[in-house]
Each structure stands twice: as C-alpha cells, then as structure tokens.
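S.K.: Read top to bottom, the protein sequences are chains A, B and C.
Residues in the first sequence are numbered from 1 upward in steps of one, following this note's numbering.
Residues in the second sequence are numbered from 141 upward in steps of one, following this note's numbering.
Residues in the third sequence are numbered from 633 upward in steps of one, following this note's numbering.
These are computed hints drawn from the structure, not numbers from a lab.
Do not take every clue at face value.
Stated by the list, open to error - Straight-line Cα separation of at most 25 angstroms, DSS-like style, residue types lysine-lysine; simulated pairs:
#1 K752/C - K896/C
#2 K522/B - K111/A
#3 K901/C - K925/C
#4 K600/B - K687/C
#5 K600/B - K778/C
#6 K133/A - K663/C
#7 K489/B - K845/C
#8 K686/C - K133/A
#9 K379/B - K522/B
#10 K742/C - K600/B
#11 K390/B - K379/B
#12 K489/B - K925/C
#13 K913/C - K900/C
#14 K752/C - K901/C
#15 K742/C - K925/C
#16 K567/B - K58/A
#17 K522/B - K112/A
#18 K687/C - K133/A
#19 K896/C - K686/C
#20 K489/B - K761/C
#21 K680/C - K133/A
Claimed, not checked - Which stretches of chain C does chain B cover? Using the computed rule of at least three CB atoms under 8 angstroms from a CB of chain B, they are:
#22 749 to 760
#23 916 to 928
What the hints assert, rightly or not - Listed next, with one range per pair, are the computed distances between beta-carbon atoms:
#24 L523/B - Y94/A: 15 to 25 angstroms
#25 K133/A - A515/B: 18 to 28 angstroms
#26 L523/B - D717/C: 42 to 52 angstroms
#27 Y86/A - L617/B: 47 to 57 angstroms
#28 K691/C - V106/A: 22 to 32 angstroms
#29 N762/C - S138/A: 46 to 56 angstroms
#30 L146/B - K778/C: 47 to 57 angstroms
#31 K133/A - K807/C: 28 to 38 angstroms
#32 V24/A - A558/B: 22 to 32 angstroms
#33 F425/B - Y94/A: 47 to 57 angstroms
#34 Y86/A - N779/C: 51 to 61 angstroms
#35 V106/A - L616/B: 46 to 56 angstroms
#36 A159/B - D886/C: 43 to 53 angstroms
Even for Gly, the Cβ is constructed at its ideal location relative to N, Cα and C.
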Amino acid sequence: MSLIIKSENSLGAVIFLSGLVTAVFAFSSLQSSTSNDMLFPAVLALLLTLVSLQVVIKKNSESYDKTSRNSLRVLLIACVSAFYIYLAEAMGYYPATAVSLPLLAVILGYKKIFPVVFVTVLWLASAYLLFEKLLQISLG
Amino acid sequence: METILLELLQGFQVIFTPAGFGFLMLGVIAGIAFGATPGISPSTGVALLVPFSYSMPPAVAFVFFVAAYQAANYGGSITAISINAPGTPAAIVTAIDGYELTKQGKPGLALGTAVIASALGGFIGALILILLARPLAGLGLLFGPAEYFSLTLFALTTVIGFSTKNRLKTCTAILLGLLLATIGTDPFSGNLRFTLGLSGLYDGVPLIPAMIGLFALAEIFSQIESNLELKKISTFSGKLPGVNTLLKLKWAILRSSVLGTLIGIIPGAGATIASFISYGEARRFSKKKELFGRGSLEGITSSEAANSSSVGGALVPLLSLGIPGSATDAVLLGAFSLHGLTAGPELFKSSPEIVYGIFSALLAANLLILVFGLAGNALWLKLISIPQGLLYPLVIVLCITGSYTVNGTFFDSGLCLAFGVFGWLLKRNGYPLAPLVMALVLGSMLEMNLRRVLLMGGIKLLFVKPISAVLLTVALLAVALPLIRKKPYLTP
Amino acid sequence: MSFTKIYFTFLTVILLAPATLLAEYPERPVKIVVYTAPGGLIDITARKVADILKKNFVKTPVIVENKKGAGGVTALSYVLRRPADGYTLFGVTNSLITKITALNQDSRLKKLTFLAKMVKDYECLITRKNSGISNLNDLINDAKQKNGAQLWAGPAAGGKDHLFALKSWKAFGIKARWIPYRSGAEALVAVMGSHADVYVGNPADTAGRENLKILAVSSSNRLPTFSDVPTFGELGFNTLTNEAIWRGFAIRADAPDSIKQSVKDLLKKVSSTKEWQEKKKKNYAVPIFETGKPLLDCILAEIKRRKAFSG
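Modelling step: build the complete structure from the supplied sequences, incorporating the hints.
M.R.: Right, here's the structure in full:
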C-alpha cells in the first residue's frame, strides 16, 4: 500500500488508465448508438489519455513530500468521515455527529475533553437552530 | 432623471418603515448566513425565504429577498477565506487568494478587503441597474449559444494562468474537470452518461459538494499530512486593510464592478462567471501579476466586487423583461408569481413601489453589508483561531452537513468526501485544483452551447457572429500572448 | 392490576376505538411533497392548495416540502419511504411522469394512487412578433423553405414539450431541429433573442412580454383571454388538440382508502373555491377536476408515449 502512495507517477498512471478506459467505452458507445451524446466525452477522454501519458513519461524534477505516518492518518480520517456519513444515514444526524466529531478530534491528537464537548454541543445546537428551525431542512 | 430620483425617494419610503427596515436587516443577516454556509447557494437561500413571505406585503417581501440575494454573494467569501470552503461557487476565486493570505497569517486583511469590495461592487451594480436598466436590458438578448460558448471559453482562459505547476498537469486537471462535467442526463438525447446507476448523479456531479470537497477537505487532508504536529496558527493578524491599500485598489474595484454588472445582465451568466472573468482581467491589468494565486488583494477585490455587482446586473433582465438573469432570478420570478405579480415592463407601470423598493433595498443592503461584515470579521477571526485539532473536525462536519443540505441526501456528503480524497491525491502529486474546479463548473455550458451552435448552423457561426468572434479573439490572445512572449504567467 | 381495572381499561379502549376511526382527517400535519425547488409550477400550485386548505377546510398545518433532484426520482423515492398513513401527498405533473418514464422507473408509479388533476395549461406555439412569421401557415412555409433547419427551442429532449414538437412536425409534414436548453425559461429567452424560431410553451409564458406572439393553441375552443389566437383544431390539425401540461396530486397506493377519499374530497373543495378558480384564470391556466379512470388512462398514455420515443 505504501509503495503505491510513494510512487510519484502512480496517480498519473491511474489517470492515464481511467482516460483510456473511458475513451474506449465512449468510442464504442458512439459506434453503437444513434445519438452522438458520447462525442464530447470521447474526445475529452482521448485527449486526457494522451496528456496523462505525457505526464507519466516525463520525469519531473519536482520533489514530493515523502509518505509519512501522517498519510495513514489522513486515510484514517477519511475512513472515519465515511463511517460518520454512514452512521448519519443509519442512526440520525445528531447522534452520529455527537460521536464522530470528538472521535475525529481525538485522532488528530486533540485531547482536551472540555473544549471538544463544548464545541460538539455548540455545533449541534447551532445546526439544529439553523437548519431545522430556520431553514426547515430536516437533517434526519 | 428627476423622475428616477423621485421614484427612488418613494422606494426608500418602503425601507424606512419598521417592517421594511426590519426585513432589510433580516435579509442581509440571512443572506450572509446562507452565503457563508457551504452547501447553501444564494438561489437555495432565497428560495428558502420565499415561503416565509407569503403573508407579507409584496414590497416588503422583495426588499427581504433582494437584501438576502445581495448579502449571500458577500457571505461566500467568509468561509472561502477563513477555511478554504467557498460558501458559494462565486467565491471559488476568492478562496484561491483569500485562503493563501490566511495561511500567511493575514486573514483580517483578506476578510476586510472582501467586505469592502463586495459592498462597493454591489453598490455600483445597483447604481448601474437603477440608471441604465431599460437601455441595457436588450444586451442580454444578444447572447445566444455562440456567444455563450465564446464567453465561457474566455472565462476558462483565466484558468490557464493558474498554472504554477507544469502545464501538462494543468491540462490534465482541466480535462478531468471537463470530463466530470459530462456526467449526468444529456439534454440533447435524454440519455444518461456515466451515472453508474446512481440516481444521485442523474443531474450531473453536484457542484457544491464537489467544490467543497476539492477545496476545503483536500486542503485539510494536505495539512494533516504535512504538519508533523498540529498547532495553532501562531502568528495571526486580524488587521484590516488600511486606507492606502484600499486606494490602490480603486481601479480594480471599479473595473470589476462594471464588468460584473455587465456579465450579470447576460441571462445564464451569473456571479460565478463574473468572478472568473473579472479575476482574469484584473491580473491582465495588474502590475503585480505574480501575486495572483499567492494572496493578491487585487484578486480578492476583483472576484468579490464582480460577484456582488452581478446581482444588480442580473436584476436588469428580470425587472425590465421578465427574464431570469441568474438562478436566483428564477426563484424571484417564482416569488413574483406567488405574490400575484408579473415581472417585466408591466411591473414598472403597475407596481412602481415594488421596483423602486427593490432598488433602494439594493443600495441600502450594501451599506448594511459593510457594517455587518466588518463587525462580523472579529467573530470569524476568533472562530478560525481555535486549535487545528478541533477546527479540522468541525470543518469536516460542516462540509458533510452542508453537502447534505443541497439535495437532502447523504449521497452528496459521500461525494464531497470522495472529492476530498481525490483532491488530496491530486494536490500531493502536483496537480492544480483550481483549473479542475473551474472546468467542472464551466464544462457543461461549454459543451451544451457548442452542440447548440452545431445544430444551429455549424462551427463557422462562432466566428461569424460579431460578439462571439470578439470574445474568441480575446480568449485566444489571453492564452497565446504569454506563450509568444515566452514568459510564464507566474514567475516561480 | 386488578381484574376490574383491566376490564374497564379494555372497555374504554373498545368504546373509544370507533371514535378514533371516525375522527376527521387530518388530525396531524399534512405534507405535500413537490419535486421542484420553491417557485416551480407544481410548487406554486401546492402552496396555493395548502393555503386554501388552511384558510377554509382544515385545522392542522399543511406543509409543502421541496425535494428536487434526479428528474423527480428523489421526490418519488421520498414519498414512497414515508409512512402509508395518508399524511403525505405528492404533487405530480405529466412532465414528472415523462421524466420518470425516461429514467425507466415508471414501474414505481404503480405504487401511487393518482387522486386528481387540478390545473391544466394548454400547449401552444410561441414566436416573436417581429420574426416575419405571423401565423401557423407562415411557420410551416418557413420550415419547408429552411429544409429542416428551422429551430425549435425547449427543455431537454424526450420531455413533454419535445414530444409535442415531434407530434406537430408530423402533423404539419415538416422537419425541424430541436434545440434543448436547461429549462423552458432559457429556451424562451433564446427565442426572444432571435436565436431560435419557435418555442413550445403555454399561454402563460407570454404574460408581460409584449413582443411574443402565440401562433396557435391546443384548446378545443379559443381561450377567452386570447380570443385572436386560433386553435389547432380550427386550422385543421385535430391531432394536436387537447394537449396540455397538467398538475395534480397523488398519494401512496397503500394508504387507507377512507383517507384517500377524504383527501380527494378536500381537493375537490379547494378546486371549487372562488379563490382557486380566480387565481388559475389569472395565470391563464384552466382549473379542472379530473379523477378516477380518465386520469389513470391519461397517465398510462403519457407513459406509453414516452416509451415510444427513442432519442
């Protein structure tokens, strides 16, 4: 996993492959259907494939930040955020936020309990007032 | 001229009643709140206010709406500058330079400039509306598919200059954005493109969640990765721009306001395009081009003045022809209908107090924006000075919540997060995000209008129609000249 | 709990139960879900209905909820997720039916009961006054002259207006080009600015716009407010008569029948109020009340028509 993240051209390769796949898909759709709705995407995908190939081939002299433990922390945060969204859908916005907000703070190394609780409560109250009461958008 | 002044005085009478003034203030506050909240665009915000107005006298109702509309375009700059989460698409460009200044420890400078530019821009836009509504109304109708294509292409050229990194990666980013813009239902064939069976994508990639993810979340992820330990932003200046600084910006403000108003008049080209084009023009005329993208005050000024003045511009076709000049205008049209009115030249004759009430509300709202904005800055600065370990989770929650409110579905929140990760990966590999976002925003306008042009008579139309030809030429020059001069847009 | 207590509790419940059944609908807030943003046609209609209900006929709140997105699928899904207790109504238009059919989700429409059609706006063809086309005949000649290059503007292909356009081309024996825009309003602006020749719309679209002209309207008889506009029927195109966009309301099919009837009755009451009739006429729309089989047939016909369109 860390190998993939380290390789500076891996993203370029992914983009190139996506471009290629999309281009193939788009051009074949163009052949088979009567409408030319895939024309634009096909051309764009083709250009993307060509340009991204150039990016991959050219060796850049720019140095990138090395992958550190923090990259994993980012992925962890992203996963927790994804879980938060799932929780909000499953058990409601307010309980999910009450759990996730402090959890995210802890992962980022913020350990003081009182401010976390305070901010969480403040946010939930403001969100409730702003969205449910004022704007009448129910948060579920 | 005298009649205009007289009518205007009558209009001011509306806002000097307790109800009128109350709703003017409420409108401004609500507008700032909407504008600042990522996820609620000005049109959504005003739409949310419409039901409340059911029992209000129409004149007061429209003071309320217009004040909110004007204020919302300012509000977007607040979160754009402080946490890199543009509250409205028109604040994307503001975020680019504004957040840079915040990172440099000068958020107050950015926020202050944004307020002043917004207020002045909005004021100038309102003046142009009041004095020149009738003569300018016809301008909007001159724009058809050919002209829209060329205008959008021109707006996209401002993006090219954002490449601080290499040109190839910028190209890749633009192409990615354009490709993402093709997702959704194709209006020409009725077919779905690339929606992967997800009903959340039927209308295309929801712009606001994508934007929030690519800007705010990607930035947070990048910061988490690069900071070995998270700490408070230690040196932090809440200082506002001084008078000298502001005076140097006067031409930027004037130019951007006029440009913004004119672009706002064009139906379908609103605050967002106005901010893009205005930014590009500001850089072209600037003596400090290299600052753009790194914390240029001219950048913030041009973006904010333009998106605020575009409001006055958008009201021109609405009031004089009954045509919506922007998404929010469409909401206002619905509001007119709800109150039993018809927008258009008839309105001037049958209910002048409503029209002039709107005019005076627009002028007064900008004054209030200045007051509330400057006062509110202290609050924002306090907010963003909380430790990053606490700020980031809050912003993440805000982005996820805001994305949900766009369409009432958590799918959009998930999309926002996905774009956040995507944006982070792009950023750490040296791909610029601003071009991607702009291409995403402008992509469908570009494609759709080109296809319309082809149906209308072919590509040659773009060069034959005068306005289109001019815009294309300027766009071409904007891209070609720097290449010819062999000078990169931004010196490294 | 002693046996006596249990007995009396039981008795009370038995005696009160019929009373709850007889309680008048609605006892709780009613929600009307619409698939557009505030200000859209069906939204305005729904709000008017809610307003009249609150003022005259019901004691509980009637709230309009906007659930836009995915061509109406978001709103449909939302309504079908709500409890089947009859307290959620769904604002429907034939445009919605067409869109949902286009997305191949028309089978879900079977889970709804269509209660009533309440407003109708006739289709008509609109052009600019100074365009050199002063009547339908001129339009047809112009189309033949342009040999297929005449430009008709409207919303997305496959939508109601496009289908009407296709039908009229067939009736007129012409070929033309459909230029889709993001919305009807944008298309109308294109026609106003001379970027397209014809707009498929409704008489209300010409309100307040002096430089627009209606070439023909789809009603069976001339409309009172537009007495100089001929009908398609008059001009010999009977297949184009009685084409209209309509708005109405639906409810979950598995809601209690008694409640469905109550809602229908309430809607009927709304449509017979003076306020409703006048408001509709002011907006150049036709107030109607159609329910039952004719309505169902109409909906099935819409679905069939959209399915026949191949894009």
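S.K.: Return holds or violated for the Cβ distance of V106/A and L616/B against the range 46 to 56 angstroms.
M.R.: Distance hint for V106/A, L616/B holds at roughly 54 angstroms.
S.K.: Could you grab the alpha-carbon distance between K522/B and K112/A and see if it respects the 25 angstroms cut-off?
M.R.: Answer holds: K522/B to K112/A is near 19 angstroms, not above 25 angstroms.
S.K.: Is the straight-line distance between the alpha-carbon of K913/C and that of K900/C 25 angstroms or less?
M.R.: Cα-Cα ~17 angstroms, so holds.
S.K.: Check the following: the C-beta atoms of L523/B and D717/C are separated by a distance inside 42 to 52 angstroms.
M.R.: The hinted range 42 to 52 angstroms holds for L523/B and D717/C, with Cβ atoms some 43 angstroms apart.
S.K.: Has the hinted range 43 to 53 angstroms been met by the Cβ atoms of A159/B and D886/C?
M.R.: Distance hint for A159/B, D886/C holds at roughly 47 angstroms.
S.K.: K680/C and K133/A: Cα distance at most 25 angstroms?
M.R.: Given that 25 angstroms is the threshold and the Cα spacing comes to 23 angstroms, the pair holds.
S.K.: Between K691/C and V106/A, does the C-beta distance stay in 22 to 32 angstroms?
M.R.: 50 angstroms, violated
S.K.: Is 22 to 32 angstroms a correct range for the gap between the Cβ atoms of V24/A and A558/B?
M.R.: For V24/A and A558/B the Cβ distance comes to about 23 angstroms; the hint holds.
S.K.: Hint says 18 to 28 angstroms; check whether the CB-CB distance for K133/A and A515/B agrees.
M.R.: Once the Cβ atoms are compared, 24 angstroms apart, the range 18 to 28 angstroms for A515/B and K133/A holds.
S.K.: For K522/B and K111/A, compute the direct alpha-carbon distance and say whether it is at most 25 angstroms.
M.R.: Holds, at roughly 21 angstroms.
S.K.: Could you grab the alpha-carbon distance between K600/B and K687/C and see if it respects the 25 angstroms cut-off?
M.R.: Violated - the C-alpha atoms of K687/C and K600/B are around 59 angstroms apart, more than 25 angstroms.
S.K.: Between K489/B and K845/C, is the straight-line Cα distance small enough, at 25 angstroms or below?
M.R.: 21 angstroms, holds
When the structure is compared with the earlier hints, violations turn up for hints 4, 10, 12, 22, 23, 28 and 31 and for no others.
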